[in-house]
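Listed below are the residues making up each chain.
Number of protein chains: 2
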Amino acid sequence: MFAAHDLLKSARGSALAVAAALLLATTAQAQSDPLPSWNDTTPKAAIVAFVEKVTAENSPDFVPEPERIAVFDNDGTLWTEHPMYVQLAFALDRVKAEAPSHPEWKDTQPFKAVLDNDMKALAAAGEKGLLELILATHSGMTSDEFQKIASDWIATARDPKFKKPYTELVYQPMLELLSYLRANGFKTFIVSGGGVEFVRPWAERLYGIPPEQVIGSTIKTRFEMRDDVPTLFRLPQVDFIDDKAGKPVAINQYIGRRPIAAFGNSDGDLEMLQWTTMGGTTPRFGLVVHHTDAEREYAYDRESAFGRLDKALDAAAVNQWTVVDMKADWKQIFREK
Amino acid sequence: MFAAHDLLKSARGSALAVAAALLLATTAQAQSDPLPSWNDTTPKAAIVAFVEKVTAENSPDFVPEPERIAVFDNDGTLWTEHPMYVQLAFALDRVKAEAPSHPEWKDTQPFKAVLDNDMKALAAAGEKGLLELILATHSGMTSDEFQKIASDWIATARDPKFKKPYTELVYQPMLELLSYLRANGFKTFIVSGGGVEFVRPWAERLYGIPPEQVIGSTIKTRFEMRDDVPTLFRLPQVDFIDDKAGKPVAINQYIGRRPIAAFGNSDGDLEMLQWTTMGGTTPRFGLVVHHTDAEREYAYDRESAFGRLDKALDAAAVNQWTVVDMKADWKQIFREK
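Line by line, the protein sequences give chains A and B. Here the first sequence is numbered in the working numbering, starting from 1 and rising by one per residue. Here the second sequence is numbered in the working numbering, starting from 1 and rising by one per residue.
The set of hints was computed from the structure by calculation and includes no laboratory data. Be aware that one or more of the hints could be misleading.
Intra- or inter-copy, both count: the list cannot distinguish identical chains.
Calculated pairs, DSSO-like style, for lysine-lysine (alpha carbon to alpha carbon, straight line, at most 27 Å) [unchecked claim]:
#, residue 1, residue 2
1, K220, K311
2, K187, K331
3, K53, K112
4, K128, K220
5, K311, K112
6, K163, K148
7, K244, K220
8, K220, K120
9, K164, K331
Start from the sequences, fold in the hints, and give me the full structure.
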């Protein structure tokens, strides 16, 4: 009995030790994997190889920290952009909310289309019509007022497919990528076609990116003293569209350094990817998120109205940019709550 | 003798101990004074009081680090702007350097005035003429090429009064102030009326301010692929003038947060000072550098062609902004080499 008991105790002890060791190993592995939502496929390996290369001191590929600039598109790269850009959903909701004080909208396109929920007429209004909706709903107030309107909206609005707040439709693998880059001395920027004052109110909370690292499209703004209160007033005029060839222009204007890594998902990001990766003397990294997962999110590319990925997909092949196949490469799509 | 000798030894020892203690105390004081080039007058006390107030945790005036944004004008605030803005001296030199490929300039104002060293005719050309000179000399090349031209120029150009490189005419007290703020968790930005791509090439080296924290006036830029090389080409068109009411607009557009401290020296900084200090729920700090030292630098204010300080001086009194009297408040003007 005594020996058997001892043996049992010893076996128990060993089992515990093995279990503990396993647990520790698992924990260590989880801790050491900075990209747990990425499958062990090519994109993850390419990201890690690039980061290790540019951060290895005494290597010819070493890039000093201040030059480790990484730029990210927002819509379709960091969060969902279907069935329409979140900012467009915001504009449509604002038209409905403001309609009572604009009785003329009932008979004027493209506003009438919005109020009638006539998506066909809205589509017929084209880009010009959408811009008109954006300008009408994004101007006529101070910057502070606009940011409050946008923040209040995002707190309650729900995505029509997933029935969740838009802020939950942020991609978990990209959040891990942002953190991984920052942990390796990168400064991360958003370079969005969306309005900068629409993105900023939640960029810090969602992505850990402070307002001064968010670049986007801008509306003309006028400074004035109103009863001794300094005010920035938003005017119904486009200042700058931060899309396509506008992205490298804005990157140069706002950051003043050429990034060494760029992340996008559509033709709107083509020039940003070119500017980042082509030319320059240090290693560069370009990545395109390809929406291939109709079940967990959406599948679209060359024919899509929002986030069309056509020329940039061809350019990715030519320039050896990493292409993420969301279905195959991402274990999980959306962020953990 | 013995006793006397001992006494002497002891006295010597004490003297040495006292001397050592004094030396230590002096060193400690020097180390603990973050603003050694500032006299112990009101401005220094006001700066220190503000910084201590917003950084004291558990105080009602505490401001979290991400919101400690400080904005600095450049010309006349961080370096000398007389007898003319450094960038204008650059433009005049460029007109002379490029004249051989522009034979028409010999007979065209305001270029003729520059080539003839006719300062009267140049002054008569007014702001419109100066802008013409700036655009002609700052466009027609890529961004990379322009930054190289500007860097090469600043490396050899000399200020006419002090016969020194312009980069030595940076104010030592302001360098200490920048460091002091950064050591206290502030993020420091330049908000200059000068061209952003003119200031950036040396802002990091001179002021410790990286390119992405330099905001300035901009020229229109076009992205294009030239023989598969992505290129940003500078066009002869003004994009944005970052002066007067433009400064708060740019601060909002680039930084997206309202600064809590602003430093300027002229009417061009009035709106930036208003935007920073008036309104807002946390403590704010505004400071105006008044050029009062004709001997060590220059004395000018309400009538000056460059850096006129008139409305902003009146506003400083009303709004309790700190006014630096350079002659009385600064021990040393220029940076140590």
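Check your understanding: What hints, given by number in increasing order, does this structure fail?
Key -> 3, 5, 8
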